[in-house]
Amino acid sequence: MPNLKDLKTRIESVKNTRKITKAMQMVAAAKLRRAQEAAEAGRPYADRMNAVMANLAGASAGAEGAPKLLAGSGDDKVHLLVVATSERGLCGGFNSSIVKMARAKAAELLADGKTVKMLTVGKKGREQLKREYADIMIDHVDLSDVKRLGYVNAQGIATDVVDRFNAGEFDVATIFYNKFETVMSQIPTELQLIPAKFEAQEGAEAPFYEYEPGEDEILAELLPRALATQVFTALLENGASEQGARMSAMDNATRNAGEMIDKLTIVYNRSRQAAITNELIEIISGAEAL
Amino acid sequence: MATIQFDLVSPERKLASIEASEIHIPGAEGDFTAMAEHASLLTTLRPGVIKVVAGNDVTEYVVTGGFVEVSGTSASVLAEQAMPKSEVTADIVNGFVEAAEVAAKGTIGAEKDVADKRIADTKALLDQI
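So the protein lines, in turn, are chains R and D.
First residue of the first sequence: 0, per numbering that gives the first Met the number 0; consecutive thereafter.
First residue of the second sequence: 0, per numbering that gives the first Met the number 0; consecutive thereafter.
Just chain D, same shape as in the assembly (with noise of 0.2 Å):
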């Protein structure tokens, strides 16, 4: 079966750089799944799990948000902050809401619905850990 390649990203040092055969992301409208011969596409994140599928092998990330550039053979994450899900505990993703409340706070109209949606999003993360 064609691999993607795929790459995980975050500011300070890079997470993974492997072949995979599909990767589930997290897009800022809708998850979706990338595998070889996807369209070339470039999408903002939200708040999510990125589940990387390669043979037998699955691995999942937590992000926070970024984005992700998707082309026929290759997918590269750049994300805020990420980290291996088995990593990840609950006191850690309320850090993350708590971080989304105070970004959210004095906003009005349409930044505040982002930040809300962040709010949510990030609050959404609990159940998938």
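If we strip away everything but chain R, and leave its shape as in the complex, we get (with noise of 0.2 Å):
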């Protein structure tokens, strides 16, 4: 039976741990607040761009001369997985989900005789794959710095994609992150960045537009911006979701070491009266034996 100062150092250190994780998750709580807002508020932008896409490229695409973004280089042999995880720890099964995830696809596509390469964003994913994948990572972005996630760091990787793919150091390039369902929900996602893909909207009707300039034009420009637009809302969803998986799993943390605590206590309560029983009994037979 351990002795009774040690059952009491024990019970302290469990119930620092449980405010600490306590107070880790108000502030993940916080911050996820924060997160759905700038995610809420970059929707509008990121939406209507998608509608707009979504009509030029349906109208360019198959055609002559569309642009290589949009249409690909003609090859899909060399991949580029875009890998975004977080740069913090303590979030439950977070990073591990879109590590599995990229994983997989990476092993697929191996299989399939493809080359693979890797651009990670976020410390924590980039940890988790380098043992394996080390030969294969071309770039790391790191985000550790950055306070507040702002459209420039996306269009920063979203810029830096496009250099590589029209240097041709890669065919198609894809991004894994995890997507806010709810609190205690988030999904593991992959979206293809190149060649762009733009779902139309249902019941959306496609206006006629005129174009200024040309059709062509637009379509070259806007196209980059789009895929920033798209980088942006995949870091701006895997923000909510690191804070609310973070939260969750502080949740967790904090219910164990109230439940922890509940039976340590209970064992030193026992134990000190197993003392006080014993020390009696000793009285006793030692008045006894008078």
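These are computed hints drawn from the structure, not numbers from a lab.
Quick reminder that beta carbons are idealized off the backbone N, C-alpha and C, glycines included.
Keep in mind that a hint or two might mislead.
To be verified - Footprint (simulated), chain R over chain D, 3 or more residues, beta carbon under 8 Å: (1) 5-11; (2) 35-41; (3) 46-59; (4) 93-104.
From these two lone chains plus the hints, build me the complex, please.
As structure tokens, this is what we get:
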């Protein structure tokens, strides 16, 4: 039986842990609200961009001389996987679920005899992937200094990806991130960036536009921006998901710590009573012996 | 008088959504004014000032680029960067000019023309604020 002092120390230590996890949960809750607002605020732009692109791309798809970003390089040998994860840990299965999905995709592509390259965004995903895929990682984007995720961050990533594509480094680019559903559930999602895909919203009629300058010029100008918007949306979703995942992970941790404290307290009280009983028995039997 | 729904969104937030009577827009190929029953038009923007007239209220926004989608009932501006004109100072515009100059570096041919035009347009903004 552990002695009383050890038990007492242990209970105190678990109590401290519970305080920390509780605080982290509350911080995550506050950050989640902000992240959700940011994701919400970015939606009108992304939706509108998507609708316009669907319209434009629908008209130009399959046409001669369609932009390469839309039509692809005509090959699908080299795949670039952009894995977007968080910069910080302690957020449950958030990073693992993204990495698992990217890993499955990489394995599938490699089995098909394709070449795979990886670009990681966020420290945690890189840590998990580098043991296995160190030789195919082409770059890493560090967002740990970014306080508030801005469009420029997404634009930086998108420009880099487009430049590499234009340099012929890969044929297909896919981004992996967690889509925010609820606080409890985040869905790992893969989204193909290049060749770009835009899904028309159902029921939306495609109005006939006049284009200024020409349709092709507009398409060429908007494509990189649409790409940046997709990356931005992914990063925003990821941000909200991360906080949601952290919140529920910390909630669980707090609850577990509570249960542990209860159990330890019972053991502590039992040992204390046993010690008292023991002492009493000793006194009584001492008295009887007289 | 018939009004037209005006929306101004940047990637990070929605800046304005109001019923306007007329909107002056700096299109890539020249300025134009959108009013109700305007023909459907999709055009890119050059750096400039968007002026929204709603009744007696006039609101102005500075945009650095993006595009606008006009239909008979609505005009949606999807700006790269946008802010109310009252918040814009010469320093901010100079920042835009610098960014445009950095982007122009190393460009050649047609790209250089586009970049140079962008610098000129951005510089012209200085006179407008």
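Checked hints:
Check result for the stretch 5-11 of chain D against chain R: holds, 5 residues qualifying (beta carbon to beta carbon below 8 Å, three or more required). Only residues whose C-beta sits within less than 8 Å of a C-beta in chain R count toward coverage, and the stretch 35-41 of chain D has 4 of them, enough to reach three; the restraint holds. With 0 residues having a Cβ less than 8 Å from any Cβ of chain R, the stretch 46-59 of chain D misses the three-residue criterion, and the hint is violated. With a cut-off of 8 Å between beta carbons, the stretch 93-104 of chain D has 0 residues touching chain R; three or more are needed, and the interface restraint is violated.
Figure legend: structure checked against the earlier numbered hints; hints not met, in rising order: 3 and 4.
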